[in-house]
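There are 2 protein chains.
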Amino acid sequence: MPDIIVQKYGGTSVGDTEKIKNVARRIKKYHDSGQRVVVVVSAMGHTTDELVELANKVNPKPSRREMDMLLSTGEQVSISLLAMALEALEIPAHSFTGAQIKLLTDGKFSNAKIEMIDRTNIDSALSKGKVVIVAGFQGIDRDGNITTLGRGGSDTSAVAIAAVLGAKECEIFTDVDGVYTADPNKVKSAKKHKMITYEEMLELASLGAGVLHGRSVELAKKYDVVLHVRSSFHENTGTLVVSEDKVLEKVIVSGVTVKSDQARVTILDVPDKPGIAAELFSILAGSDVFVDVIVQSSPYKGRNTISFTTPRENVADAKTILEKFAGVHNITSVEVDEKISILSVVGVGMKSHVGIAADMFKALAQNQINIEMISTSEIKISCVIKDEHAQAALHAVHSAFNL
Amino acid sequence: MPDIIVQKYGGTSVGDTEKIKNVARRIKKYHDSGQRVVVVVSAMGHTTDELVELANKVNPKPSRREMDMLLSTGEQVSISLLAMALEALEIPAHSFTGAQIKLLTDGKFSNAKIEMIDRTNIDSALSKGKVVIVAGFQGIDRDGNITTLGRGGSDTSAVAIAAVLGAKECEIFTDVDGVYTADPNKVKSAKKHKMITYEEMLELASLGAGVLHGRSVELAKKYDVVLHVRSSFHENTGTLVVSEDKVLEKVIVSGVTVKSDQARVTILDVPDKPGIAAELFSILAGSDVFVDVIVQSSPYKGRNTISFTTPRENVADAKTILEKFAGVHNITSVEVDEKISILSVVGVGMKSHVGIAADMFKALAQNQINIEMISTSEIKISCVIKDEHAQAALHAVHSAFNL
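Keeping their order, the protein sequence lines are chains A and B. Counting in this note's numbering, the first sequence runs from 1 upward without gaps. Counting in this note's numbering, the second sequence runs from 1 upward without gaps.
All copies of an identical chain are treated as equivalent in the list; a pair is satisfied when it fits inside any one copy or across any two copies.
The list that follows gives simulated cross-link-like pairs (lysine-lysine, DSS-like), each with its CA atoms no further than 30 Å apart:
#1 K128 <-> K102
#2 K113 <-> K130
#3 K61 <-> K29
#4 K191 <-> K246
#5 K61 <-> K128
#6 K186 <-> K339
#7 K61 <-> K28
In case anyone wonders, no lab produced these hints; they're calculated from the structure. Predicted model, so just to flag it, every value in this text is computed and none were measured.
Let the sequences and hints guide you as you build the complete structure.
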């Protein structure tokens with residue numbers, strides 16, 4: 001049996017009918033070379049935004065079930081048009097909605113998790129020599145309701161399908177041509193990686209590198225699916241995302257990212273007793289306040305300092321919660337700095353190399369950039385700095401590691 | 001259990017978000033009065049045309065399967081928006097695609113016939129006090145492919161659902177406020193019927209009265225579903241379409257219609273032997289040439305004259321077929337008149353009244369309008385006339401019967 005390749009084309013790659021025809025021509029090459037091709041597509045360009053706008057006109061707070069019913073039409077339009085474009089090139093094609101491949105999810109509308117996929121219909125179409133085109137981002141729950149997978153959902157669909165089919169590779173076609181050592185729009189000297197590990201990609205994704213959503217990378221890691229992130233506008237090889245054992249020469253630092261529009265919240269006099277931190281962060285999580293970096297210093301005179309970062313848009317909610325929390329626990333001193341950025345270096349090589357943190361801090365110091373908070377994990381070091389230093393810090397650290 | 005009412009709103013009734021909100025307010029009244037409401041909706045305004053245009057850009061001859069996949073998104077958008085609009089009015093609502101109520105059809109894409117509907121999901125939502133909103137025009141075949149029902153499909157969906165649910169009535173909301181004795185845009189004195197029989201509606205539908213598609217009327221007749229054709233823009237009662245036994249006072253003539261843009265084809269020397277007519281019309285049907293009125297005179301010297309009418313757009317195809325047919329059967333004389341109209345009077349009362357035909361012919365003669373062909377059925381008399389006389393003929397006959 002010929003190899004199965006799974007490809008995913010994002011919204012910009014199928015942004016209009018001309019681009020859809022281009023995608024069809026690209027798929028034709030794979031098909032003509034004898035491979036079995038399964039394609040996952042997103043909604044065309046701004047379709048999703050337009051549908052959301054339409055919904056808001058009839059109901060500012062639509063139910064998530066009906067929203068999923070509405071949004072899933074976007075991908076259904078793309079799959080049928082792409083199938084037609086292939087048929088125009090005399091390539092037999094067969095489109096499937098999420099429901100038609102029984103992409104079963106839990107019942108959490110707008111952010112559903114995939115539970116199962118039935119490959120029967122895909123296999124049947126492939127065995128007839130057809131290109132299979134699947135609507136990304138959507139599934140059905142056990143009651144047959146249409147669900148959507150949330151941000152990055154089409155990537156997740158593609159990886160899940162690749163895993164179920166045991167595909168050799170899952171190609172993610174996008175509007176950038178790979179994963180870089182830094183955002184190439186911000187750092188001109190940024191270089192494209194040929195290979196990167198799942199772990200690094202995960203850290204980069206959560207740091208806002210914006211290429212792949214974390215969920216799809218986690219899934220790829222779990223099922224050992226090789227991801228190939230590449231451009232849909234040219235034929236160049238992109239970046240392979242693989243397991244650590246497949247990367248022969250590990251680079252020490254694989255990327256530098258900066259996440260702006262963040263805020264730092266500091267509580268200066270938290271009583272040093274068990275359960276206080278747990279209580280605070282449970283309340284924040286329950287109110288959908290996204291908390292990123294958390295730092296707690298050693299206690300001083302029975303009081304702790306807890307700092308955390310949150311996206312600036314969550315600050316108002318965070319403040320309301322903290323005022324209530326402060327009242328209950330006799331806390332008097334809460335500080336909020338709404339103009340910070342988070343600068344991070346990521347690399348699996350760090351595990352076995354000491355001194356990366358020192359090099360990073362030195363690069364910042366040489367540029368008179370003060371570090372407000374530090375947080376480290378096995379393969380990542382993050383520094384909170386002032387927003388105004390973000391760009392300079394990114395360049396300083398990027399060149400310090402010769403990236 | 002409260003009564004179930006089925007309502008169908010056409011594309012103009014849900015043409016934009018404001019109109020969708022109006023429809024929601026109308027539905028709210030029914031819901032508040034304690035009725036169980038099931039609503040069938042079409043795609044918004046020109047959505048279907050826009051999708052067809054999009055398809056043609058990628059493939060001038062798209063496969064019907066993919067076309068159905070594409071077009072069915074139109075209704076899916078409407079149902080979710082209408083459900084959201086109801087939720088905004090604090091009416092619980094639940095939308096369903098054709099697949100979700102297992103509206104099972106045959107596999108004839110673009111023109112599928114309904115085989116079965118599973119009422120389980122509808123009943124379950126109704127029992128929770130929800131308004132049920134179903135996507136018209138669409139279903140699934142036994143393999144789970146999305147199918148569409150062809151022209152007038154949403155009316156057919158609504159009637160089928162009403163039949164399955166044993167609904168008291170099926171209201172068809174449209175942009176006209178009922179069924180008239182003639183097209184009110186053409187004949188100012190046309191009057192709205194309070195009641196009309198299925199048979200009359202069927203003849204009127206096939207004659208281009210344009211209010212209800214024949215398939216939905218046939219289905220309503222079969223399952224004795226009362227149809228109420230009314231305007232979605234005001235509250236006035238429209239026209240009830242019912243079985244003959246429910247109409248107490250039968251009018252003799254219920255409507256006059258004229259169908260323009262027709263052509264007449266006449267074959268003057270068809271050999272008078274069995275099977276010739278069958279052969280001719282089988283070939284025409286197989287080539288999708290729509291044939292309306294057929295007239296064959298008594299044979300003269302072993303030769304028959306066969307005339308039929310066809311929409312002008314089918315003339316080119318008809319000619320090609322006839323040339324071949326003429327060659328095989330030694331026919332030398334084929335005439336085509338591309339500028340004719342078909343004027344018809346319809347009425348169940350005709351069955352028991354003689355002289356209707358004579359009255360019609362007299363009205364035409366008094367206006368110097370020549371009749372080119374005549375065809376009659378139990379409740380209909382059709383005359384083929386020249387296109388230029390269509391308007392005058394319509395008025396003459398309409399007033400002759402005091403409509």
